[in-house]
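Asks: Input sequences plus hints: build the corresponding full structure.
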Amino acid sequence: MAEQALQAALAASDFQKIANICQESELNGRPFYDAHLASLLILNDLCNAKFLWKRIPKDLRTPEIAAIWEIGRNIWTRNYPSVYTSLNQNWSPQISPLIAKVALSFRTRTLTLLSSSYSSISVGDCSVFLGLAPENTIPCKMLFFFTSFKL
Amino acid sequence: GINAEYGEILCSQSVLFSLQSKRSNLRLIVLNFIFLLQFMHFLQVCLLSKTYSVALPVLSEQAYEIDAPYPTKDFLRFLYYGGMIFTGLKKFPKALEFFKQAFTIPAKAVSKIMIESYKKHILISLLVHGQVLPTPKYASGSAVNSFSSSCKPYTEFSSSYSTSSVVDLQKAASNHLETFQKDGNYGLVKQCIKSLYKRNIQKLTKTYLTLSLNDIASSVNLPSAKEAEKAILRMIEDGDISATINQKEGMVSFHENTQNYNSVSTVQKLNAHLHSLILMTDKLQKVDEAITSSQQYLTRSLTQERGKFLSDLDEYDGDKPSMLMGMVGGGGPAGLGFIGAMRS
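Chains L and H supply the protein sequences, listed in that same order.
My numbering puts the last residue of the first sequence at 151; the count rises by one with no breaks.
My numbering puts the last residue of the second sequence at 495; the count rises by one with no breaks.
Check the hints yourself; a few may be wrong.
[Stated by the list, open to error] Once the Cα atoms are required to be at most 20 Å apart in a straight line, the calculated EDC-like pairs of lysine to aspartate or glutamate come out as: (1) K17/L / D45/L; (2) K242/H / D45/L; (3) K399/H / D59/L; (4) K201/H / D59/L; (5) K245/H / D59/L.
FYI, nobody ran anything at the bench for these hints, they're computed from the structure.
Values in this document were obtained by computation on a predicted structure and should not be read as measured data.
Replies: This is the structure we're talking about:
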């Protein structure tokens, strides 16, 4: 039952719903730690992501779940280079789409922050913030401005 | 019963099962504005199992009545656990409310819970207000005395905070490191130190329109322009400051807060506040009526010398204790005693 609801929410990319379903399911004894953790990171709910990590029993902390939390830890400490290296792992096929969404949401959020905070920023720094090679940063940024209206 | 549930707490996985069964009971109760002993245990389970967010629906309901009789200690624990959950979720203003309620509870003997609440209240006050507001007059005298003797490290820390010197603050933190760690408050202490950097930067915006990153760094005791840049970016992200960084020139321009307050969400918030105010006023009126028609009150008022006391009751509204003082003529022992009874 929970699996079906989860699959539906995943297909619809409704991340709040994914988080809610996972939370309910966890309380009912059937946790989906990886999807839960990833959805909290997409929603930028770091407090609850941290508490989720802390309550996952040690024997259920698979290397993959630990790797997902590693992303969260790096976001928490604002360690931009490490965020991108921790995103860039070999993920299992079930979780890989969600991780891609984590990367996308983080990059978008960062880009929004940069464009409202900086009147000028070096390409080098921008590349670090966005985890892109310098030659890719400028085209990426241009694309962002054309596809989203900044107030 | 409660014992079975406590047994479950020992195993972290099954904490979540007991949580679920509590929650389904609580879903119905939460709607009735009645405080129950169960809430306290529920919060304790949430804290132990680190499912903080699940506790929020219980904590966000207003409680007007208490399911008596109940031990004060359990009510104090409810407030303390509630404060801790809000602290964990970084909802500091709410945490402050809960801790304040805990240490201002009418009391002759001071519970350790009140003292611990007061300690956390000091630290979170620094985070929210940048200072510790004076203890409310309605706090019990004996409590206030205990606080000054058992919370010295905390009052020293808050004095250092008011000097705005990060160096002094860090010194105060390391002087009492053991106490803070033993009390489980070191995390909050570290957050206070970070917040002092932020406050000092915010102060700069009052004086300067633009400032170089180097000047900011030296002003607030950050090691480099790069650190200052990181701090400013963080503050912009958290909404603590309105500014733009010009990396090429190494300058920061500070802006006026351009909040328009004419968005849908603002209207919604306003409506929600108005709604809860109306509810609160309604409740207050009911409590007021209950007191004025209570046996105690009527008996006292009937034994007063001044005959016009009874007719004055009709025009009577506003601040109860002071009005009563005025009418009873400065409040003899009987008057004061009654006011004391009404307050608690």
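Asks: Next, verify each hint and record whether it holds.
Replies: Here's how the hints hold up against the structure:
{"no.": "1", "hint": "K17/L / D45/L", "verdict": "holds, 14 Å"}
{"no.": "2", "hint": "K242/H / D45/L", "verdict": "holds, 13 Å"}
{"no.": "3", "hint": "K399/H / D59/L", "verdict": "violated, 50 Å"}
{"no.": "4", "hint": "K201/H / D59/L", "verdict": "holds, 17 Å"}
{"no.": "5", "hint": "K245/H / D59/L", "verdict": "violated, 35 Å"}
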